[in-house]
Amino acid sequence: MLAIENLRVVYHDVISVLNGISLDVNDGEVLIIIGANGAGKTTLLRSVSGMIDFYDGDIIEGDIKMGGVSIKGIDATDIMKRYGVTYVMEDRPVFWYLTIEENLGAASFSRWDKRVKADMEEVFDYFPVLRALKRRRAGYASGGEQQMLSIGMALMTKPKLLLLDEPSLGLAPLITEELFKIIRQLNETGITIVLVEQNAHAALNIGTRGYVVEMGRIVLDGKAQELLENEDVREFYLGSGEKERKSYKEAKRYKRRKRWL
Amino acid sequence: MIDLIQTLGSGVLVGLVYALLGLCIVIIYKASEAFNFAIGEFLVIGSFLFYVLFFDENLPWDKALPLGILIFLLLSFILFFDQNLRLLLALFLGLMAGSIIFYVLFFGLNLPSLIASPILRFLIALPLGLVAAGIVGAIVERLTIKPLLGRSPISMTIVSLGLAFLLRASVQLIFGSHSYSFFLDLPDITLEIGDFLFLSDPIWAGILSIATFGLIIVFLFRTRWGLAIRATSEDQAKAMAFGINARFILLIIWAISSVCIAVAGIMISNFGALSSLSGIVGLRAIPVVLIGGMDSIGGALVGGIIVGMCEAIAGAYIEPMGLIGFKDVAPYILLLIVLFIRPYGLFGTVRIERV
Numbered sequence: 033m034l035a036i037e038n039l040r041v042v043y044h045d046v047i048s049v050l051n052g053i054s055l056d057v058n059d060g061e062v063l064i065i066i067g068a069n070g071a072g073k074t075t076l077l078r079s080v081s082g083m084i085d086f087y088d089g090d091i092i093e094g095d096i097k098m099g100g101v102s103i104k105g106i107d108a109t110d111i112m113k114r115y116g117v118t119y120v121m122e123d124r125p126v127f128w129y130l131t132i133e134e135n136l137g138a139a140s141f142s143r144w145d146k147r148v149k150a151d152m153e154e155v156f157d158y159f160p161v162l163r164a165l166k167r168r169r170a171g172y173a174s175g176g177e178q179q180m181l182s183i184g185m186a187l188m189t190k191p192k193l194l195l196l197d198e199p200s201l202g203l204a205p206l207i208t209e210e211l212f213k214i215i216r217q218l219n220e221t222g223i224t225i226v227l228v229e230q231n232a233h234a235a236l237n238i239g240t241r242g243y244v245v246e247m248g249r250i251v252l253d254g255k256a257q258e259l260l261e262n263e264d265v266r267e268f269y270l271g272s273g274e275k276e277r278k279s280y281k282e283a284k285r286y287k288r289r290k291r292w293l
Numbered sequence: 031m032i033d034l035i036q037t038l039g040s041g042v043l044v045g046l047v048y049a050l051l052g053l054c055i056v057i058i059y060k061a062s063e064a065f066n067f068a069i070g071e072f073l074v075i076g077s078f079l080f081y082v083l084f085f086d087e088n089l090p091w092d093k094a095l096p097l098g099i100l101i102f103l104l105l106s107f108i109l110f111f112d113q114n115l116r117l118l119l120a121l122f123l124g125l126m127a128g129s130i131i132f133y134v135l136f137f138g139l140n141l142p143s144l145i146a147s148p149i150l151r152f153l154i155a156l157p158l159g160l161v162a163a164g165i166v167g168a169i170v171e172r173l174t175i176k177p178l179l180g181r182s183p184i185s186m187t188i189v190s191l192g193l194a195f196l197l198r199a200s201v202q203l204i205f206g207s208h209s210y211s212f213f214l215d216l217p218d219i220t221l222e223i224g225d226f227l228f229l230s231d232p233i234w235a236g237i238l239s240i241a242t243f244g245l246i247i248v249f250l251f252r253t254r255w256g257l258a259i260r261a262t263s264e265d266q267a268k269a270m271a272f273g274i275n276a277r278f279i280l281l282i283i284w285a286i287s288s289v290c291i292a293v294a295g296i297m298i299s300n301f302g303a304l305s306s307l308s309g310i311v312g313l314r315a316i317p318v319v320l321i322g323g324m325d326s327i328g329g330a331l332v333g334g335i336i337v338g339m340c341e342a343i344a345g346a347y348i349e350p351m352g353l354i355g356f357k358d359v360a361p362y363i364l365l366l367i368v369l370f371i372r373p374y375g376l377f378g379t380v381r382i383e384r385v
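For the record, the sequence lines run as chains A and B.
The first sequence runs 33 to 293 under my numbering.
The second sequence runs 31 to 385 under my numbering.
Rather than coming from a laboratory, the hints here were simulated on the basis of the structure.
Quick reminder that beta carbons are idealized off the backbone N, C-alpha and C, glycines included.
Possibly wrong hints are sitting among the right ones.
What the hints assert, rightly or not - Cβ-Cβ distance ranges computed for the label pairs, FRET-style:
1) Tyr172/A - Leu119/B: 46 to 56 Å
2) Ile214/A - Arg254/B: 21 to 31 Å
3) Phe249/B - Val161/A: 26 to 36 Å
4) Val161/B - Arg143/A: 20 to 30 Å
Claimed, not checked - Within a straight-line C-alpha distance of at most 30 Å, the following computed DSSO-like cross-link-like pairs (lysine-lysine) qualify:
5) Lys192/A - Lys166/A
6) Lys190/A - Lys166/A
7) Lys149/A - Lys113/A
8) Lys192/A - Lys146/A
9) Lys176/B - Lys190/A
10) Lys192/A - Lys97/A
11) Lys176/B - Lys97/A
12) Lys93/B - Lys176/B
13) Lys113/A - Lys176/B
14) Lys146/A - Lys113/A
15) Lys255/A - Lys190/A
16) Lys176/B - Lys104/A
Said to hold, decoys possible - Away from chain B, derived, C-beta distances all over 10 Å, residues of chain A:
17) Ala35
18) Ser48
19) Gly70
20) Ser102
21) Lys213
22) Gly222
23) His233
24) Gln257
25) Glu263
26) Phe268
Turn these sequences into a full structure, and let the hints guide you.
Set out below in structure tokens:
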């Protein structure tokens, strides 16, 4: 579905964030991207969704292909309309001063038609919490409700490919669990999902495949289950390894397997 | 007492026009956090566009031709580079627009000879003039504001300051700096009840302003475009991520804003005359929006009425005491007092803080 080839992205002409990243997303899968802070996960999603321009970033090399067609350099709104790629930004991108209903309405702006009301009901069926709050300003909703709303807004755009940027950020573990269950359900309805997460364990549990990003490169990829069992992933991202404790001295990059780099 | 009510009533009528001016500032501020200092110049341009259509003002060819060519170049430029139309199509559309502009400016629209009834003439010329004002606003936005999208709002504010000078000079260059008599000849609806007397012109101004204000509110709060505008106003990045074209929304906002300013400008010119210096009235929008709150639409209405009443009272009661010109200062004194008590203005947004 989506293929990223050797992508390099530079912010403000000087800060190189992605240094030749390549990955592909198959139809109907849940792809997990994990990596430390500043590894370039968010930048990757911004490039795919066409938002990179807005943040003064440039794609200086490589290509992004959606079903074989290059979508590099197309406007964010066009990418969404033509290719059905919806990007849910990190930190709960809801409009605080609009009511929850208006939020959903605003999200369906790009495809306004008769079915909007029905779709809104569908979103409320996914997230019954929102139905009760629909006349309330989104800014007053709790973090979990806001995150559900932002995923609901993404659904209003009728995505084929959903890019989720750290949906679990700042949420309680129980709510995170519920959220991931919903993400799984969405996937079963046929939406392909790319999930960027810090919460690697929970994410890999619902994912089909995973990539590990470091310093703007893919350093490891494989089936989600394999990654969960991978010793290095367990050590660096899941917080448990074969040895119970490791000193930070050993956690340095050059200690890891050579084939990664 | 009768005196006071009379004064306040007239103040409210003028205040409604100020409220409309305030609204123009507020919607731009909400959308891009930039303060549009060029409001006075937009006011003059809008009024002159209407003037040309309504009074059949002709320009000599040495002014009309460059203007037509300018419009042709600008429009082709925008259509080709911004809207990505084909070069020939862009040139063709630009040429069409340019020649229409040239024709209207050079030969005039001849509305007075075609339509005798002034009210009908007004009803035809007003929408045309407003559309023209909207297009001017849109062109200005495309050329100056759009390249700054995503940058600091301060830069947009500074650009609007520069625009003010550029536009004022252009208007002087084209229309000269003398006054044009401006008499709309609207039906006389002077209100005389008991001891009260409200003149026809301010009443028309009040009615048209409140009607425009109402239309904008309906547009913003009852249509999907309005919803998109409000969403974009809150956060451009989020809006873009959900498929709202923030750049186009900004264009619409500038167009709407310049249409409102044109309505206010026509009404204000109708009180007296129109000249390139009428733009000074635009400054009255500053106390209006600061008193009402920079990001509150209702605040613009209340602020406008307050400023109008304040001016009327100062004009009727304080100026006769020998303080000539106090009328122009009074709103600013009121502004200072309001800012001491409520720094965000009377209706400035209460920031949502989640606990």
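Okay, the hints, checked on the actual structure:
no., hint, result
1, Tyr172/A - Leu119/B: 46 to 56 Å, "holds (49 Å)"
2, Ile214/A - Arg254/B: 21 to 31 Å, "holds (27 Å)"
3, Phe249/B - Val161/A: 26 to 36 Å, "holds (32 Å)"
4, Val161/B - Arg143/A: 20 to 30 Å, "holds (28 Å)"
5, Lys192/A - Lys166/A, "holds (26 Å)"
6, Lys190/A - Lys166/A, "holds (20 Å)"
7, Lys149/A - Lys113/A, "holds (19 Å)"
8, Lys192/A - Lys146/A, "holds (20 Å)"
9, Lys176/B - Lys190/A, "holds (29 Å)"
10, Lys192/A - Lys97/A, "holds (14 Å)"
11, Lys176/B - Lys97/A, "holds (28 Å)"
12, Lys93/B - Lys176/B, "holds (28 Å)"
13, Lys113/A - Lys176/B, "holds (22 Å)"
14, Lys146/A - Lys113/A, "holds (17 Å)"
15, Lys255/A - Lys190/A, "holds (27 Å)"
16, Lys176/B - Lys104/A, "holds (21 Å)"
17, Ala35, "holds (22 Å)"
18, Ser48, "holds (20 Å)"
19, Gly70, "holds (19 Å)"
20, Ser102, "holds (17 Å)"
21, Lys213, "holds (24 Å)"
22, Gly222, "holds (20 Å)"
23, His233, "holds (27 Å)"
24, Gln257, "holds (32 Å)"
25, Glu263, "holds (37 Å)"
26, Phe268, "holds (30 Å)"
Checked against the numbered hints given earlier, this structure breaks none of them.
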